[in-house]
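**Student:** The chain contents come next:
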Amino acid sequence: MNALDVAGLSKRFRNGVQALADLSLSVPAGGVYGLLGPNGAGKSTLLRIVTGMVHADSGSVSLFGQAASVESRRPLGALIESPSAYPFLSARAFLRVIAYTAGVPADPGALLDRVGLTAAADRRIGAFSLGMKQRLGIAAALVGGPKLLILDEPTNGLDPEGIMDIRRLVRGLADDDGLTVLLSSHLLDEVERVCDRVAIVAHGRLLAEGRVTDLLAAGDELWLDVRPTEAALALLGAQGELRDGQVVARIDRAEAPVLLSALIGQGVEIFEARWQRLDLEAVFFAATGAERR
Amino acid sequence: MMLVRAEWAKLVGQRGAFFWGFIALPCVLILFAGVLNGAVPPGAGAAVEIRPIRTLLRAVGAAGNPFVQLFLAIGAASLFALEYRHATWRLLVPRRSRTMLLAAKLAAFAIAAACSLALLSVGNLFAITVPALLRGAHPIASEAMGAGAVAVLLTLLVSMLQLLGLAAWVALMAAVTRSTMGAILPPFLLAFASAAIQAYLGGAPGTILALPGAAPDLLRAGIAAGFDGARVVTGGQALAALAITTAWFAVPMAAAVLLFTRQDLASE
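Here the protein sequences come in this chain order: A and B.
The end of the first sequence is residue 293 by our numbering, with every number in the run present.
The end of the second sequence is residue 268 by our numbering, with every number in the run present.
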């Protein structure tokens with residue numbers, strides 16, 4: 001069963017902005033699912049529709065096989081965009097308020113301990129740094145023990161150590177606690193490190209989706225330091241290009257021995273041949289059609 | 001109940017808004033009443049007639065005063081506009097139905113407003129008895145307490161219905177304007193305009209003005225007169241006034257629920 005199914009979702013705001021255009025995707029239960037997209041891609045609108053904050057013009061949302069409703073959203077925890085909280089409450093009182101709202105028992109101490117805020121449990125939230133608010137937002141999302149956790153840019157405002165902590169926490173929630181985590185991030189490196197699957201969204205549409213390893217493997221390239229390059233390029237045809245003085249061959253790994261034999265047979269000198277795996281950034285920019293920085 | 005508890009915790013946590021909304025004005029009015037009663041000259045040992053029921057009726061009836069409503073609107077806005085102000089609907093909406101969230105806020109307001117009226121009532125009782133006792137006088141209650149309790153209870157119900165109407169307007173304006181000031185000012189201006197029109201038109205016998213302040217005033221006057229054994233309001237007029245007072249609560253509250261349940265919370 002999927003944790004989340006979104007089918008044919010469309011949303012146009014009153015100002016004319018088409019935030020989502022017939023978007024469909026499925027988030028399988030278990031693991032960390034990344035949601036990637038440039039600013040204005042529709043990620044936050046999608047998450048707001050899933051959490052019931054924004055009404056879709058058309059399409060459907062299902063959570064664990066049930067149509068989205070207040071009841072089916074009970075196993076959902078969410079941190080949407082910037083963390084928001086009541087500045088006049090302490091962190092402990094805030095989590096209690098969230099638990100009362102959800103109608104569930106909560107252990108604020110344990111939740112604060114989990115996100116590293118034990119020392120600040122009784123301090124007013126108004127005095128918190130952005131990073132502390134971010135951690136508190138994650139703690140609030142964990143109130144009630146959700147099965148699906150939506151985290152929108154959860155490492156914003158955190159220092160490098162804090163980022164590593166949150167990444168470990170996210171992986172731990174998925175691996176140890178069995179949660180499904182839907183992680184929206186603009187940090188490609190973060191998604192690549194933390195996520196099992198990824199969806200790339202732009203202009204409200206799904207451009208690419210799949211396991212991170214599969215998406216990256218599809219972009220494997222064979223880099224050849226050869227002389228003369230012209231002979232190698234002629235042999236490769238459309239599958240080859242010259243990049244940074246080296247010949248880049250976009251071929252399957254199984255074709256490599258044949259290619260290398262052919263190059264040697266044609267008298268091409270091979271100084272180095274190495275496989276280079278594309279990073280998610282390259283996959284992302286290829287999918288969104290943007291120029292690589 | 002847990003949802004109301006959450007709203008109550010948020011309300012009390014906003015100490016400034018809670019004080020100005022529900023505590024400050026009763027304290028000022030009690031002080032004022034105490035000073036007035038302290039200025040009355042009976043000497044030591046003299047018997048002083050006090051009227052606790054009329055004092056309570058007047059205190060509970062203060063809900064009809066536009067300035068009392070201004071302060072209570074501040075308290076109501078600290079509930080209904082809070083989530084817009086701090087962009088915290090995102091914490092609540094995924095967890096509970098929007099109707100339930102508004103209902104919990106209304107319930108928290110009702111509890112706080114009732115406490116505020118209770119504070120004003122008890123404070124006024126102290127304000128009429130303590131100065132006399134301090135001067136060595138003997139306060140003597142001169143009213144029938146049994147019948148009076150019913151009158152006070154009925155007046156409290158009318159006042160609470162009127163204040164729920166105020167809260168409903170605050171809820172509606174909070175949803176429309178998404179701001180605290182926008183939630184406070186229009187309901188206050190409505191109450192003020194209602195009082196001004198009521199004073200201008202006066203209360204011709206047999207007429208009921210369909211204003212948010214006029215109908216509950218008529219009901220309170222009828223209850224108070226009934227306690228004195230007089231009858232200034234007919235049964236039909238009382239029912240009409242009750243219907244008008246209920247409508248001033250039900251219509252804006254229904255509009256607030258309708259608007260809020262359909263509202264896109266794209267930044268809250």
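There could be a bad hint or two in this list.
Claimed, not checked - If you want the footprint, here are the derived chain B segments under chain A, 3+ residues with CB under 8 Å: (1) 1-8; (2) 13-24; (3) 119-130; (4) 216-226.
What the hints assert, rightly or not - Pairwise CB distance ranges, derived in the manner of DEER restraints: (5) B/176 - A/82: 50 to 56 Å; (6) A/87 - B/261: 49 to 55 Å; (7) A/59 - B/1: 34 to 40 Å; (8) B/1 - A/161: 38 to 44 Å; (9) B/199 - A/145: 29 to 35 Å; (10) A/15 - B/261: 17 to 23 Å; (11) B/207 - A/59: 29 to 35 Å; (12) B/150 - A/59: 54 to 60 Å; (13) B/176 - A/64: 19 to 25 Å; (14) B/115 - A/64: 38 to 44 Å.
Bear in mind the hints are in silico, worked out from the structure with no lab data behind them.
The beta-carbon is built from N, C-alpha and C at its ideal position, and this holds for glycine as well.
**Student:** Each hint needs a verdict: does it hold in this structure or not?
**Tutor:** Hints, one by one, checked against the model:
no.: 1; hint: 1-8; result: holds (count 4)
no.: 2; hint: 13-24; result: holds (count 3)
no.: 3; hint: 119-130; result: violated (count 0)
no.: 4; hint: 216-226; result: violated (count 0)
no.: 5; hint: B/176 - A/82: 50 to 56 Å; result: 24 Å, violated
no.: 6; hint: A/87 - B/261: 49 to 55 Å; result: 27 Å, violated
no.: 7; hint: A/59 - B/1: 34 to 40 Å; result: 36 Å, holds
no.: 8; hint: B/1 - A/161: 38 to 44 Å; result: 42 Å, holds
no.: 9; hint: B/199 - A/145: 29 to 35 Å; result: 58 Å, violated
no.: 10; hint: A/15 - B/261: 17 to 23 Å; result: 22 Å, holds
no.: 11; hint: B/207 - A/59: 29 to 35 Å; result: 55 Å, violated
no.: 12; hint: B/150 - A/59: 54 to 60 Å; result: 58 Å, holds
no.: 13; hint: B/176 - A/64: 19 to 25 Å; result: 36 Å, violated
no.: 14; hint: B/115 - A/64: 38 to 44 Å; result: 43 Å, holds
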